[in-house]
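S.K.: Okay, here's what each chain looks like letter by letter:
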Amino acid sequence: KAGVTQTPRYLIKTRGQQVTLSCSPISGHRSVSWYQQTPGQGLQFLFEYFSETQRNKGNFPGRFSGRQFSNSRSEMNVSTLELGDSALYLCASSISRATNEKLFFGSGTQLSVL
Amino acid sequence: DQQVKQNSPSLSVQEGRISILNCDYTNSMFDYFLWYKKYPAEGPTFLISISSIKDKNEDGRFTVFLNKSAKHLSLHIVPSQPGDSAVYFCAASDYGGSQGNLIFGKGTKLSVKP
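So the protein lines, in turn, are chains D and B. Position 57 of the first sequence, counting from 1, maps to 57 under the working numbering, and the rest follow consecutively. Position 111 of the second sequence, counting from 1, maps to 225 under the working numbering, and the rest follow consecutively.
In short, the hints are calculated from the structure, not lab data. Please read these numbers as outputs of a predicted model, since none were measured by experiment. C-beta atoms are modelled at their ideal positions from N, C-alpha and C, and glycine is treated no differently. Hints should not be assumed to be uniformly reliable.
Stated by the list, open to error - Computed footprint of chain B on chain D; a stretch qualifies when at least three of its residues, placed anywhere within it, have a C-beta under 8 Å from a C-beta of chain B: (1) 41–48; (2) 102–109.
Stated by the list, open to error - Only pairs whose alpha carbons sit at most 30 Å apart, straight line, appear in this in silico DSS-like list of lysine-lysine: (3) D/K13 - B/K182; (4) B/K168 - D/K102; (5) D/K57 - B/K223; (6) B/K182 - D/K102; (7) B/K223 - B/K170; (8) B/K170 - D/K102; (9) B/K119 - B/K182; (10) B/K223 - B/K185; (11) D/K57 - B/K227; (12) D/K102 - B/K223; (13) D/K13 - B/K168; (14) B/K170 - B/K227; (15) D/K57 - D/K13; (16) B/K182 - B/K168; (17) B/K182 - B/K170; (18) D/K102 - B/K119; (19) B/K185 - B/K170; (20) D/K57 - B/K185; (21) B/K223 - B/K168.
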């Protein structure tokens, strides 16, 4: 069974640009979560989608947005990039986000903002 | 405010000895705790979890202990192996409540020396 796939693996952008990251969950998984990992802050929750609906959102500005498609694939978008947005963005999937369900993470997209 | 804290950024242990990684939390609503392991250039992988109704869970060389009164959990690895060298993240959730997402600590980098 294929794991969680994130594309692209690496991205270099400049301040002010926007970026779209993609995540394909494990087949059969309907919940997709996004996390930002930085050396200083660890993993921070961005948002979670289930059946194309955002169910939870972390404490990030509105420049960070996402969506989920009917096939459970998800994208996240960051507009007006800032230097501080440089981070590893991780996508995780689970079957339904029921109680006590663990997440399966992709390898992440490393975003560098210059 | 950091709800899940891993106060030791790094830990070095000799092969064959015990590794003890610690995690403290502040939110008494957390009812499920997980440990994830992360190698460089890969996403975190689930290691072991514990429900708040238990105080210990064991899986092979890995044991997680939960002390609810102290709001403290620890991961014991016995015996430690060089392949265990990675960053370990503690995570917590209140799936029964309103959060519905994992809150991660900043991680502890474990180095197991041969």
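S.K.: For each hint, tell me whether it holds in the structure or not.
M.R.: Against the structure, the hints:
1. 41–48: holds (count 6)
2. 102–109: With 7 residues closer than 8 Å to chain B, the region 102–109 of chain D meets the three-residue bar; holds.
3. D/K13 - B/K182: Distance of about 45 Å is beyond 30 Å: violated.
4. B/K168 - D/K102: The given pair, whose Cα atoms are some 17 Å apart, holds under the 30 Å limit.
5. D/K57 - B/K223: 28 Å, holds
6. B/K182 - D/K102: 21 Å, holds
7. B/K223 - B/K170: 23 Å, holds
8. B/K170 - D/K102: Between B/K170 and D/K102 the Cα gap is close to 18 Å, so the pair holds against 30 Å.
9. B/K119 - B/K182: It holds: about 15 Å lies between the C-alpha atoms, which stays within 30 Å.
10. B/K223 - B/K185: 22 Å, holds
11. D/K57 - B/K227: The given pair, whose Cα atoms are some 40 Å apart, is violated under the 30 Å limit.
12. D/K102 - B/K223: 22 Å, holds
13. D/K13 - B/K168: 47 Å, violated
14. B/K170 - B/K227: Given that 30 Å is the threshold and the Cα spacing comes to 27 Å, the pair holds.
15. D/K57 - D/K13: 25 Å, holds
16. B/K182 - B/K168: 9 Å, holds
17. B/K182 - B/K170: With Cα atoms ~11 Å apart, B/K182 and B/K170 stay inside 30 Å; holds.
18. D/K102 - B/K119: 20 Å, holds
19. B/K185 - B/K170: 14 Å, holds
20. D/K57 - B/K185: 25 Å, holds
21. B/K223 - B/K168: Distance ~26 Å between B/K223 and B/K168 Cα, so the pair holds.
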